[in-house]
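Q: Keeping their order, the protein sequence lines are chains A and B.
Heads up: the first sequence at position 592 corresponds to 592 in full-length UniProt numbering, and the numbers run straight through without jumps.
Heads up: the second sequence at position 242 corresponds to 242 in full-length UniProt numbering, and the numbers run straight through without jumps.
Derived from the structure by calculation, the hints contain no laboratory data.
Among the clues, some could well be false.
[Claimed, not checked] Facing chain B, a subset of chain A residues (Cβ under 7 Å, in silico):
hint, residue
1, TYR247
2, GLN406
3, SER604
4, VAL735
From a predicted model like this one, the values you see are computed outputs, not experimental measurements.
We put the CB at the ideal spot given by N, CA and C, even for glycine.
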Amino acid sequence: MQAKKRYLILLSAGACLILLFCLGGIQVPLSRRGPSRPHDRRLSGYGPGARWRHMSGYLQPFSSWEQDRSDDLTEHISPRQKRDANSGLYTGKRCRMESCFDFSLCERNGFKVYVYPQQKGEKLSESYQNILSSIEGSRFYTSDPGQACLFVLSLDTLDRDQLSPQYVHNLKAKIQSLPLWNGGKNHIIFNLYSGTWPDYTEDLGFDIGLAMLAKASISTENFRPDFDVSIPLFSKDHPRTGGEKGYLKYNTIPPYRKYMLVFKGKRYLTGIGSDTRNALYHIHNSEDVVLLTTCKHGKDWQKHKDARCNKDNAEYDKYDYREMLYNSTFCLVPRGRRLGSFRFLEALQAACVPVMLSNGWELPFSEIIDWNRAAVIGDERLLLQIPSTVHSIHQDKILSLRQQTQFLWEAYFNSVEKIVLTTLEIIQDRVLLHTSRSNLMWNSLPGGLFTLPQYSTSLRDFPFYYAELGIKPPSKFTAIIHVVTPLVSQSQPVMKLLVAVAKSQYCAQVIVLWNCEKPLPAKHRWPATSVPVTVIEGESKSHLLVFSKSHQVISSRFLPYNTIPTDAVLSLDEDTVLSTTEVDFAFTVWQSFPDRIVGYPARSHFWDSNKERWGYTSKWTNDYSMVLTGAAIYHKYYHDLYTTYLPASLKIMVDQMSNCEDILMNFLVSLVTKLPPIKVTQKKQYKETMMGQSSRASRWADPDHFAQRQTCMNKFASWFGAMPLVHSQMRLDPVLFKDQVSILRKKYRDIERL
Amino acid sequence: MYTSGKYSSRGPALIPRMKTKHRIYYITLFSVVLLGLIATGMFQFWPHSIESTADWTLDKRSVHDAPLIRLPVSSPIPERGDLSCRMHTCFDVYRCGYNPKNRIKVYIYPLQRFVDELGVPISSTGLSREYNDLLSAISDSDFYTDDVTRACLFIPSIDVLNQNSLRIRETAQALAMLPRWDKGMNHLLFNMLPGGPPDYNTALDVPRDRALLAGGGFSTWTYRQGYDVSIPVYSPLSADVDLPERQPGPRHYFILSSQTAIHREYRAELERLKEENGEALLLLDKCSNLSQGAASARKRCYKGQVYDYPQILQESSFCVVLRGARLGQAALSDVLQAGCVPVILADSYILPFSEVLDWKRASVVIPEEKLSEMYTILKSIPHRQVEEMQRQARWFWEAYFSSMKAIGLTTLQIINDRIYPYAARTYEQWNNPPVVKWSSVNSPLFLPLIPPRAPGFTAVVLTYDRVESLFRVITEISKVPSLAKLLVVWNNQNKSPPEGEKKFKCPECTAIDGLSLDQTHMVERSECINKFASVFGTMPLKVVEHRADPVLYKDDFPEKLKSFPNIGSL
C-alpha cells in the first residue's frame with residue numbers, strides 16, 4: 001500500500017504541474033516574440049503604446065497605374081517652358097545650377113576659366129593673389145572671356161569683415177561697372193571672412209547676384225547645394241603651391257597617442273559661439289581629455305571675466321599647443337565666432353582626427369568629401385557625450401580615420417592651388433554631368449585631382465582601384481617603340497627588339513611610333529610577328545618649328561593614342577636591348593604594382609647642397625628614384641594624365657629640348673602614387689649598352705644632354721612645388737634568381753645567362 | 001471512461017494488486033495528464049503561424065476596427081514645412097541620447113480612422129497596402145519600440161504616400177492631433193507621390209511643421225539636404241513580377257523608352273533620335289487596343305507589336321527614365337530591377353537615397369536640354385562600364401528598391417547614420433554589391449607611407465628549448481643597427497627560461513616538439529591551408545614570381561660600395 005500512496009502523490013503532483021503548464025501554455029509561446037506588454041492586448045492594439053502589427057483585411061494599393069498615367073498626361077505646360085520659368089523663379093538664395101548658371105557658355109570650349117585683368121590701384125591680398133595665380137597657372141585658364149565658362153573677379157572679396165584692414169570699399173559699385181558681370185552669371189566669388197562683431201552674419205556686404213560662392217565657414221542654412229562650394233579657412237601663410245606633407249610618418253598599433261582629446265583656444269565669455277567653448281570645462285579631466293581655454297582676448301576681456309577665468313588661464317599656459325596637437329588621437333574643433341577655424345586644417349595636417357563641434361557648418365568640399373571617413377561629426381548639444389563617443393571608437397577605425405586625414409590633407413588642402421583646383425573641379429563635374437567623378441574617386445587614393453573623368457568614368461579603367469573592386473589587373477600589354485632613326489638595315493637593334501617583344505606571351509600589339517624625319521618605310525620591311533604591328537607617325541607641332549630642328553615632338557610618345565587596346569603599356573626606345581624573358585618577367589611584376597612604373601634603367605636624384613639645387617645622376621648607386629621610359633611598363637592612364645594634367649609650359653620645354661620627357665613622367669607618377677618606381681633585374685649585356693650609350697643616336701651623344709637633364713629636374717621641382725620623387729633600395733628579381741639551384745628549375749633562367 | 005478501455009486492460013499488469021475503484025481513478029488521472037501533454041505540445045511545437053492566427057482572433061486587428069476620430073473644423077493646422085530645417089535646428093537629439101548600440105528607437109502610432117465633422121474620411125484610400133507593409137516591416141525591425149517614452153523617431157500611421165488620395169487640410173489637422181506631435185519634432189512622414197495638378201509640387205503639400213519628410217520626387221528646391229530623405233517611388237511590379245538577374249553584357253537594344261505618358265515635346269525628340277539611329281532604339285507606348293486595367297500596365301506597344309512589360313526592359317542596355325508631371329517615376333524601379341542602366345532626364349531631381357548611394361556608378365544623368373544628344377553621350381561610355389552599371393543597377397534595386405521594407409529600413413538607416421555619424425555605414429557598405437564586397441581587398445594600412453628608420457624594429461624570437469641556437473640568433477640579430485627591441489617567447493612550460501633573460505610565459509601555447517621538415521609536417525601545413533581557406537571562404541593568398549633584393553644584388557660591383565653587401569653569400 002505504501003507504493004500505491006507514493007504513486008498517487010507523484011502522479012497527482014505531475015498532473016497538477018502539467019495542468020498548470022497547460023493553462024499558462026498559451027502565453028509561453030507568445031512571449032517568445034519579444035516583449036509583450038500587459039496593456040498590449042487590453043487596448044486591442046489601438047491605444048497609445050500598443051505594438052504595431054500588420055493589418056488584416058483588404059487594402060487598396062497606394063496608387064493605381066491609370067491614375068499615375070493620367071497625372072502625367074495632365075501636364076499642359078511644355079517642359080521647356082517650365083525649365084525657363086525656373087531660371088526666373090529660383091534666384092538669390094534659391095540659386096541652383098539649373099536656374100542661375102548658363103551651361104551653354106561651357107559647351108563650345110569646355111570648362112575654361114577667365115580671370116579679370118587687374119585694375120590699376122586695386123590692391124589684392126596675398127591670399128587672393130595666390131588664388132588668382134593658381135587659376136592662371138592651371139589648365140583651365142583662358143585669357144579670352146569669349147571662351148570662358150567661368151569668371152573670376154580680380155577684386156579682392158576674401159575679407160568682408162568691415163573692421164578688417166583688408167576690407168575693400170565700394171565693392172558694389174566696382175562690380176556693377178564690370179562689363180562682363182552679367183548679373184553675376186557664371187561668376188564665382190571667393191570669400192574667407194564675412195560679417196563682423198557682434199553677429200558675424202554671412203552677408204558679403206554687396207549683391208552677389210547670380211554668382212556662386214566659394215566660401216569658408218558657410219552654414220547649411222545659407223549654403224546652396226550643388227551651387228556654392230564650401231572651402232576651408234586658410235591663413236595668409238598657406239603656401240601657394242607644393243604644400244607641406246602630412247605629419248604622419250608611420251602608423252602605430254595600437255593607434256592611441258598620449259592624449260585622447262585635446263583643445264586649446266579662446267573662450268569668448270559672451271556673444272555668438274561662446275556657449276560651447278564655455279562649457280568645455282565639464283569634460284576636461286587634465287588626463288586624457290585636455291580642453292583648455294583662455295579668457296584673454298580683445299582689450300576689455302577683464303570686464304566680462306567670470307569666476308573660472310583665472311583658473312582656466314593658469315591651466316591654459318601650462319600646455320603647448322603644438323605638443324598637444326601632435327600627441328593627441330582626437331582634436332576638438334569647436335565653432336568660434338564663425339563656424340570654421342584654422343584649427344580644422346591644423347588638426348587634419350597633424351593627423352589628429354578632428355572632432356567637429358560646429359552645428360550647421362557645411363564642411364569644406366562637403367559635396368565630394370565623405371567626412372565620416374576622416375572626422376567625428378559631433379553635436380554641440382551633446383557635448384557631454386563626446387568623451388564616451390570618442391572612447392567607443394574602435395582602434396581599427398581610428399587607424400583608418402587618421403590615415404584618411406593625411407590623404408585628404410595632401411589631396412585637397414595643403415596648398416592654395418589644391419583648394420582652388422578642387423573648387424574648379426567640383427564645378428566642372430557639375431557642368432559635365434555625365435563625365436563626372438564618382439564618390440570613390442574623390443575619397444580614395446590618389447584623389448579626384450589625379451583621376452580625370454574625361455579619360456574614363458569607369459573605375460576599372462584606372463590603375464588605382466583593382467584591389468578595391470576585387471578585380472585582377474589586365475593580362476596583356478601593348479608595346480610602343482619610339483623610333484627616331486631611319487630604317488636602313490634588317491639587323492638594326494629595333495628589329496631585334498620588335499621580334500623579342502612580340503614573342504612575349506603577354507603582348508597584345510606592337511605600335512611603332514615613327515618620330516623620324518624620313519618617310520615611313522614600306523610595310524614589308526617590318527619583321528613578321530604573331531601579334532599585329534601598327535605604325536603611327538608622331539605628331540608634329542607647328543609652333544615648335546621655330547625652336548626645334550626636329551619636326552616631331554618627343555612628348556608624342558605619351559599621347560593617349562586610342563589605338564592602344566590594353567591598359568598596360570610597354571614603352572621602349574629604339575636602341576633598347578631586351579629579351580622575351582625579361583619582358584615577360586617585368587610584366588608579371590607590373591601586375592602586382594599596376595599603378596607604378598616598372599622597368600629597367602634606373603636613375604636617381606639628389607640634393608646638391610653646394611649648388612643648392614637638385615642633381616641628376618646615372619651612376620650605379622644603391623638606390624634609385626626614376627625608371628626611364630626607354631624600357632618600362634606602366635598604365636595607359638599615365639599617357640592621359642601626362643597630356644592633360646601637366647601644364648603646356650613644361651611640355652613645350654620638353655619638346656624644345658627633345659629631352660627629359662622620361663623624367664617628367666617619373667615626377668608625375670610619383671606625385672600621384674607617392675611611391676618610387678620599381679626596377680626589375682636585367683641581363684648584364686643590356687646594362688653595358690646603357691652605360692656606354694654606344695648605339696644611342698643624336699640625342700644621347702649630345703654633350704648638353706646630361707646638363708639639360710639637371711636643368712629639367714629643377715624646373716620640374718619648382719613647378720610641382722616640391723620634389724615628388726621617392727628613393728627606393730629595392731630591385732625585384734625572379735624568385736630563384738642567382739640561387740644555388742639548378743638553372744633548369746628557374747622559370748626566368750635567361751635573365752641570368754650571359 | 002469507455003474510451004480508455006485500452007488502458008484498463010493493461011492496468012493489472014502495470015499496477016498489480018489494485019482495486020477496480022482505484023483503477024478508474026488512475027485511468028482518469030492518466031487521461032488528464034496525457035491530454036495536458038498533447039495540449040502543451042500543440043502550443044509548443046505547432047508552426048509559428050498559429051500564433052499569429054491566435055493573435056488575430058484575440059485582437060481582431062482590422063482596419064475597420066480602428067477607432068474613429070472626428071476632427072473638429074476648428075482643429076489646429078500645423079505650419080507649412082520650414083525650408084531651413086536641419087537636424088541641429090528642428091530635430092530633438094536628446095530623445096535619441098547616447099546608446100551603446102548606436103541605434104535609434106522608432107515608435108509607430110496605433111491606427112486610427114480620422115473623419116471630419118460630417119464623417120467623411122480624410123483619405124480616400126485609408127491605410128494602403130504599401131504603407132501597411134512599410135509599418136509592419138519597421139515594427140519587425142530592430143529600430144522598433146512600442147514604448148513611446150523611449151522613442152527617438154515617431155511615425156504616424158496616417159498614410160500620406162499618395163497626395164492624390166488626401167484631403168490636405170484635414171490630414172494636416174489629423175497630424176496635429178497626434179499625442180506626441182509637438183510641432184512635428186522627430187516625426188517622419190513617408191510620401192511617394194507628392195503634389196497635385198496643375199503644378200505638381202515636388203514635396204508633399206500637407207502642412208507638417210518640423211516633421212521630416214521621406215519623399216519620392218524631391219527637387220533641389222524642396223529637398224532639405226541633411227534633413228529630408230529622398231526615397232524611390234515604389235513600383236508594384238517589384239512584388240508581382242519575378243525578373244531573374246541577367247548577366248551583364250550587351251543587349252538587343254541600345255536604348256529603350258517604355259514610359260507611356262511622355263510629354264509630346266519629348267516624344268517628338270525621341271522619335272527624331274530613333275529616325276537617326278534606327279534599330280538601336282526602341283520607343284514603346286501604351287497599347288491603344290487594350291482595355292484599361294491592371295493588364296494594360298504589363299503591356300507596351302510599338303506600331304501594333306505588343307511587348308511584355310517589364311520583361312522587355314531586360315533586352316536593352318540603357319532605359320530612359322524621363323520626368324513626368326512628377327520628378328520621381330516608378331519606372332526607375334522597374335528599370336533597375338531589369339538590370340537596365342537608367343538614363344535619367346529629370347532636371348533638379350534628387351535621386352533616391354542620394355545621401356548614401358553613388359548614382360554615378362549605376363546610372364547616367366543627362367540634362368533634359370541634352371535629350372537630343374543622348375545617343376552620342378551613351379555611345380561614349382565604355383562597354384566595361386556599362387556592364388558594371390548594369391550590375392550596380394540591379395544591386396541597388398535588390399538592396400534598396402525591391403520592397404516597402406527595403407525602402408523603409410533604408411530610410412531609417414540613413415537617419416540613424418546622421419544621429420550616430422561615427423557609427424555610420426560606410427560608402428563601401430552602401431555601394432559595393434556582394435560580389436565586390438567579397439573579393440575586394442582594403443588594406444587597413446592604405447596610406448602609402450615610407451616609414452623612417454629611426455624607430456627601428458622589434459625582433460620576436462619564438463623558442464622551445466634549443467637554447468644554443470636561440471643564443472646564436474640573439475647574438476646575430478643584436479648586431480643589426482635598426483633593432484630597437486628583442487622579445488623572446490619562451491614556449492616551454494616544463495622548463496624555465498635561462499637566467500638573465502626577461503621572462504615571458506605563454507600559458508595558451510602548447511608545446512610542439514622540435515620543428516622538422518618531415519613529411520607529416522608538410523601534410524599538416526597543407527591541411528592548415530585548406531582549413532583556413534574554407535573558413536575564409538576564399539583563398540586570400542596570391543602567387544607572385546618576384547622577390548625583393550637590394551638594387552645592386554649580385555651585381556659585378558665592389559661589395560664594399562653596396563649598402564647591403566654579402567647578401568646571399570653563404
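Q: All hints, please: hold or fail.
A: Here is how each hint holds up against the structure:
| no. | hint | result |
| --- | --- | --- |
| 1 | TYR247 | violated (11 Å) |
| 2 | GLN406 | holds (6 Å) |
| 3 | SER604 | violated (10 Å) |
| 4 | VAL735 | holds (5 Å) |
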